[in-house]
Structures are given as structure tokens and as C-alpha cells.
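Make the full structure from the sequences, and use the hints.
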Amino acid sequence: MKTNYSNIITSVNFLANLLQQRLDIFFGKTESAAISFPSLSLNNDSSLLCQLFERKDVTAEEKVIFLITLVPHIQPNFYDNIIQQYLPQGGDFAEIGGVKGSSQRSMLPTGETAQFILAGNSIEKRLEIQQILLNKSCLIKEGIIQLEKVKDGEPLMSGKIILSEEYITAFINSTDAEIKFGPDFPAKKITTQMQWEDAVLNNTTSSQINDIMIWMEHNAKLLEDEVMKRKIKPGYRVLFYGPSGTGKTLTATLLGNHFNRDVYRIDLSQVVSKYIGETEKNLEKVFSKAEHKNWILFFDEADALFGKRTSVQNSHDRYANQEVSYLLQRIEDYPGLLILASNFKNNIDSAFVRRFHTTVYFPMPDNKERLLLWEKSLPVNIKIDPEVELADLANKYELTGAGILNVMHYAMLKTIAANDDFIRQKSITEGIKRELRKTERTIA
1 MKTNYSNIIT SVNFLANLLQ QRLDIFFGKT ESAAISFPSL SLNNDSSLLC QLFERKDVTA
61 EEKVIFLITL VPHIQPNFYD NIIQQYLPQG GDFAEIGGVK GSSQRSMLPT GETAQFILAG
121 NSIEKRLEIQ QILLNKSCLI KEGIIQLEKV KDGEPLMSGK IILSEEYITA FINSTDAEIK
181 FGPDFPAKKI TTQMQWEDAV LNNTTSSQIN DIMIWMEHNA KLLEDEVMKR KIKPGYRVLF
241 YGPSGTGKTL TATLLGNHFN RDVYRIDLSQ VVSKYIGETE KNLEKVFSKA EHKNWILFFD
301 EADALFGKRT SVQNSHDRYA NQEVSYLLQR IEDYPGLLIL ASNFKNNIDS AFVRRFHTTV
361 YFPMPDNKER LLLWEKSLPV NIKIDPEVEL ADLANKYELT GAGILNVMHY AMLKTIAAND
421 DFIRQKSITE GIKRELRKTE RTIA
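So for the sequence shown, the UniProt record's numbering puts the first residue at 1; every next one is plus one.
One or more hints might be untrue.
[As the list claims (entries may be wrong)] Beta-carbon label-pair distances, calculated as ranges:
(1) 329 to 28: 40 to 48 Å
(2) 206 to 391: 21 to 29 Å
(3) 260 to 197: 13 to 21 Å
(4) 206 to 57: 20 to 28 Å
(5) 277 to 257: 31 to 39 Å
(6) 343 to 9: 50 to 58 Å
(7) 440 to 257: 34 to 42 Å
[Stated by the list, open to error] Straight-line alpha carbon distances no greater than 30 Å define the calculated DSSO-like cross-link-like pairs of lysine-lysine that follow:
(8) 56 to 136
(9) 233 to 56
(10) 63 to 396
(11) 285 to 368
(12) 345 to 396
(13) 289 to 229
(14) 345 to 285
(15) 136 to 293
(16) 149 to 285
(17) 151 to 285
(18) 100 to 149
(19) 438 to 345
(20) 274 to 285
(21) 100 to 29
Simulated from the structure, these hints should not be mistaken for lab results.
Just so you know, even glycine gets a beta-carbon here, dropped at the ideal spot from N, CA and C.
Now the structure itself:
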């Protein structure tokens, strides 16, 4: 049995003990008026569960609330089995709250369940638990658990306490929490297997990227200063601009790799909506998930969302400008690295540009840089024909790094298909023609 499973069993037994204590008090089976927290000693197995319980900013009550949400995913009839011991004849037990699931008949916990287990009939304590569930818990703020909204007029605590989907498997199987891309989360994690030495950037661009790296490495220490903490916002906003294929996305992912941070690219096709207010709602799904996870947010082709505002001529323009106002506030409040990418700096609204810490230009590579890119694109296991002059290719054809890689990919596939030992000039030339046609250019 994995150590994490033993920790889960220990945690389930811990919660069962608390619930039984509360039921003993309620049904008069003990003279005690309050529950006592039994010792919860977990094996230090570096699991997400163990990490959560070792956090000093998570209170004992929050840990219990977390277990209340986790248990149904491990033992669906957990609450029903324990309650049945006290009500052998059956019947509802309204005091514990809970609702029946739509896909199964066992009880699912609500805010009332947490109040009953942790507070019993103490009004003061019940209000404390309510405050934790409504806004105070770091588990709520970090999106680990949430209190389901209820219909108007119904008690707030009658909403289900839900463990976020990405954490269910992570806590049980000790894996990383992965959020699924889709309408409920319009962003996708992007990665690269390339290294910094694979990127070819000019000196100015490299220097500006180094400034970003300095912020990522040292800003947290700066914010330990009480004066600076009041004056400086914790996040960093950057505009990457320049032609497609010049390394904007690659640089974002390399920054993520270097600092061991996830990079999420926001899919603007899933975000931007013609319906009033929907764009803000879609973006909030990303920001609310990201702000406590130290992610790098990457808005590719940002013109669609951060483009220049129009003068107000009708109600639609007014709402569009309200959307921009929301964006301005949200990107300023984001505590991590936020990167906007565009082909043209002038396409971005000046209100956003003023809020960037830096704007980084990714130009077309010059001759020397193109030669480096050609050299770095060569495979290990396939030789290139000695007659191919890479310097000549670099001088003659104005291609981006992505374009050169596409050409070599095409040429290598042609070489393998022909069962040839060498990458020939003909295959490279054909690849260049294909690449130039994308931008309606031809070989002279």
C-alpha cells in the first residue's frame, strides 16, 4: 500500500471520530459539551495531502472542512453509515445538512454539515465557520474548495461544499493538480523541451528578458520590505511584440521552465464573446484560478482583447469600454508574471501599454542570427549534404526561427522518406518555397 493511502485512511478515521463525537453530544451519549480534536499524525510522504496539512496558514477548522469535502470521493456512503448507527430505524437528520447527489443517493456535505460537525448548536462558533466558508478561508481563495451558490432566499450554508475537480485526483493519488481546458477554463498549459541555448535573441531582447528574470528571482524579497510592500504591486506585466515565429511563445515557456512555473496560454476564441458581460466572466475563470498558483499567464494574439478602444457611439461601445476597464484593473491586480503577445505594438490600447513594466521587441533575425538558427536546427542522426551552404541560406532568405525549423523539418522528412543518408539542397529549397508561400513570397 502506498504511504499516501495510509494517510488518506488516517484522515478518514480522524473525520469519523469527530463526527461520532458530535453525534454522541447531540444524542446525549456523553456528558461532554464540546468535541476534542484527536491527534492527526500523517506520514511525511511529500503528497499534496501532507503538504496541505503541514501549512501553517491552514487552520484546524479548515483542515476539517477540507476532509468533509474529500471524504465522499473516497467513501461515498461515509456520512450515511455513521448516521445510521444513531438512527437505526432510518429517517432524516436535518441538523447535519447535506443533500443527495444527482448521480448517487448518498449524502453530499453542505456548509451546514461543516457547521454541525465543528460548531454543534453554538451560534458564535457556527458564525465563525460561516465566515470561513464565505470568504476567509485560504482554501476558498485558492480555489481548492468552494461553497456552491444557492437560490435566492435559501440559507447560504445549504450550498454544497465542493472540492475542485482538478484537486480530487491530485489529493487522492498524489499527482499534480491539472486543470482541464474547456468552456469552464479557457486556458491551456504550454510547455517546451527546448533550452535557452536553442533560443536566438539579439542583445537588446536578451537584456530585457534578463530584467524579467531578475524580477522573478528577487521581487519576493523586495516585498518583504514594509514600505515597498505598500507601494509596489506584486505582479509584473510585459508586452512581447514582433513578427510571428520570432520566439515570443518560446521565451514565455522557457521562463516557465527556468523558474519551475506553469505557463498557461489564454485561448481568446473561448474568452471573447459578443454577449455583454460574458468576456469578463470568461476571463475571471482564468484569473481566479491563477492568482494563487504563481502561474505565468500568456495572452497570445492579444490584439483581440487588448486592442484600441473606440469612441462611444452606442451602447455596445460603452460596454466594450467597460470591458477594457475591467481588464485594466484585473491585469494590475494579478500578482504573477503576465505576458501579452502581439505582432504589432501599435495594435494594443495605450492604456494597457502604460501599465506594462516593459515592452520587449522580437525582431526578424538578421543574417548572423539566421545562420545560428540554421545551425541549431540540424539533427543529430542525419547528416547534411556538404554542398549545402548554411551561410548562403542565411544571407538569401529572410526567415524567422520558426520558419527555419519548419523548413528543416520538411527537408528531414523528405530525406527519411527517400532513404537518403544526407539532407539535400533540393529538399531544403522546396521547404523554403513552402514557407515563403505562407506570406505570399517567392524565391527570386
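Here's how the hints hold up against the structure:
Distance hint check: the CB atoms of residue 329 and residue 28 are about 54 Å apart, inconsistent with the given range 40 to 48 Å. Here the CB-CB span from residue 206 to residue 391 is close to 23 Å, well matched to the stated 21 to 29 Å. A C-beta distance of roughly 19 Å is found between residue 260 and residue 197, which places it inside the suggested range of 13 to 21 Å. Between residue 206 and residue 57 the Cβ separation comes to about 38 Å, which falls outside the hinted range of 20 to 28 Å.
In this structure the supplied range 31 to 39 Å holds for residue 277 paired with residue 257, their Cβ-Cβ distance being about 37 Å. For residue 343 and residue 9, the hinted distance range of 50 to 58 Å is satisfied, since their beta carbons lie about 55 Å from each other. Between residue 440 and residue 257 the Cβ separation comes to about 35 Å, which falls inside the hinted range of 34 to 42 Å. With a CA separation close to 15 Å, the supplied pair residue 56 and residue 136 stays within the 30 Å bound.
About 25 Å separates the Cα atoms of residue 233 and residue 56, which keeps this hinted pair within 30 Å; it holds. Distance hint between residue 63 and residue 396 is unfulfilled; the C-alpha atoms sit about 65 Å from each other, more than 30 Å. Between residue 285 and residue 368 the CA atoms are separated by roughly 44 Å; this puts the pair beyond 30 Å, and the hint is violated. The hinted pair formed by residue 345 and residue 396 meets the criterion: a straight-line CA distance of about 28 Å does not exceed 30 Å.
Taking the CA atoms of residue 289 and residue 229, the gap is near 23 Å; set against the 30 Å cutoff, the hint holds. Taken as a hint, the residue 345 and residue 285 pair is honoured in the structure, with Cα atoms around 27 Å apart against an allowance of 30 Å. For a cut-off of 30 Å, the pair hint linking residue 136 to residue 293 stands: about 18 Å separates their Cα positions. A threshold of 30 Å between alpha carbons decides the hint, and for residue 149 with residue 285 the separation of about 16 Å falls inside it, so the pair holds.
Taken as a hint, the residue 151 and residue 285 pair is honoured in the structure, with Cα atoms around 21 Å apart against an allowance of 30 Å. Taken as a hint, the residue 100 and residue 149 pair is honoured in the structure, with Cα atoms around 16 Å apart against an allowance of 30 Å. Distance check on the hinted pair: residue 438 and residue 345 sit about 22 Å apart at the alpha-carbon level, within 30 Å; holds. For the hint pairing residue 274 with residue 285, the CA-to-CA distance comes to about 17 Å; that is within 30 Å, so the pair holds.
In summary, the hint linking residue 100 to residue 29 is supported, as the alpha carbons are separated by about 28 Å, within the 30 Å threshold.
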